[in-house]
Every structure is written in C-alpha cells, then in structure tokens.
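Those sequence lines, one after another, are chains A and B. Per the numbering used here, the first sequence starts with residue 1, numbered consecutively. Per the numbering used here, the second sequence starts with residue 1, numbered consecutively.
Derived from the structure by calculation, the hints contain no laboratory data. We put the CB at the ideal spot given by N, CA and C, even for glycine. Wrong hints could be hidden among the right ones.
[As the list claims (entries may be wrong)] Under 7 Å between C-beta atoms, here's a sample of chain A residues computed to sit facing chain B: (1) D21; (2) D53; (3) E88; (4) L89; (5) A90.
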Amino acid sequence: MRHEVSRRDGTVILSLRGEVDLEQSPAVRALLLDLLEEQRDLLVDLAGVTYIDSSGVATLVEAYQLSKQHGTAFALVSVSPAVHRVLELARLDRVFTIHQTLEEGLGGGGS
Amino acid sequence: MSRVRDRIRSSAEKAGCSTRCAQDVVLAADEACQNVIRHAYGERGGDIEIRVERSGGDLVLWIRDFAPPTDPARVRPRKLEDLRPGGLGTHLMREVMDSVELLRPPSGEGNLLRMTRRIE
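Using the sequences and the hints given, assemble the complete structure.
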C-alpha cells in the first residue's frame, strides 16, 4: 500500500495505491487519523485502490464519522467499479460523498 | 492474503466464473478468513484451509480452520443501520454468495464454512 498526501485550497488529499485489506488497513487507519487531526476537509483518492474489504471500509467509515464530528467534509474520489461494488454491498455508496474526479471533489460538486 | 486472493480468483475463473463473479468469491473468502483470523484464532494464529471447487453450475468455497467451535450466532449478519463496522464482513459474504453454512468438519476439530455461488 502506497500513499501520497497533498493539499490544495485548504483541502487535504490522501491518495492511496494498492489493496486496503486486513493487513494494510491499520496503516491506512493511522494515516487517516493523523490527517483528521488537522480538522480540514479531506478527500480520499481511491483511483489506485484495486481492492477493498470490510476492514478497509471500516477505516473509511471511522474517518467519515470523525469528520462529521469535526464538521469538516469527507469524500471519496475516483472509486473503481470493484471498490464501488463493495461500498454498494455495504449500503455505503449513498452515505459517502463520492466524486468522479479530484477536480470535482475540490470544486465542491455533488456525488 | 493478497497471494491467497490471487489464487482464489484464478481458481474461480478456471471454474468458469466471470471477472465480477470471481471478485465476489474472492471477497467472500477474504471476509471469511478475516473472521477466522480475528475471532477464531485471535492472538494464537493458526492454519486455514481453503478449497475452491465446481459442483455442477455452482462454485463451492470451503474455508476450514482448527480453532475452537464458533458460535453460529457470530456468523449471522447484523443490521447496517448504525454503520458499525463489526458484522460487515459476514454481511458481505451473505450478499455475494448464494449460501453460507457453518458446519462441523468430519474430523470434528475446528470449523468448516461452506459457501456456494451460481457460476456466471
């Protein structure tokens, strides 16, 4: 699992590459919790994520809930069909804000 | 687990599964293994045997562990309304597979999960 953090217009962007599973999700969780301490809007770019399971989804749910508590925005970007399917099965595709592209996410477009 | 997933995907595709069907089977196997690792074995660790086979028009996925018997109630999915992560794995398994059964292995030791999915 590789990651990259960038910041644009006051928004934090976490780009992930690889598989977010039982082995990798603790590292992703640590990253998210660390970034959420900034209490800024957060976009998680999943364009490079090829697989996610319930442990990965759990980290996203936790980040979503913490963002809500902080009153900051949390959204997913560039979700692949395989990842979208898992979110759909978990009934989270209508809970998370999901943007097609990073530009849409930064522009504040709807999901 | 990544290598295990690749092997399961390959076996499912060889049995005739489409990409999407194979992805679902991989997810179910992954979630089942997570449950074994987290709840059945915990800190101890242990072996998990996975078998993928074709039975007529169905793909059958067997997941065998050697841990103390699991309470069948733990395999039942929980409601998702409150977004709690716990129980999501079991829910996903039941969503993508046509059947999920917790059985006692013939030798008596451990747990045996049998899941089936119509091959498409």
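For each hint, the structure was consulted:
1. Contact between A/D21 and chain B, as hinted, is supported at the beta carbon level, the nearest pair being about 6 Å apart and thus within 7 Å.
2. For A/D53, the suggested interface contact is upheld, since its CB lies about 5 Å from the closest CB of chain B, less than 7 Å.
3. For A/E88, the interface hint is violated, since its Cβ never comes within 7 Å of a Cβ in chain B; the closest pair sits about 9 Å apart.
4. At its closest, the beta carbon of A/L89 sits 5 Å from a beta carbon of chain B; the interface hint therefore holds under the 7 Å criterion.
5. Contact between A/A90 and chain B, as hinted, is supported at the beta carbon level, the nearest pair being about 6 Å apart and thus within 7 Å.
The earlier numbered hint that this structure contradicts is number 3, and it is the only one.
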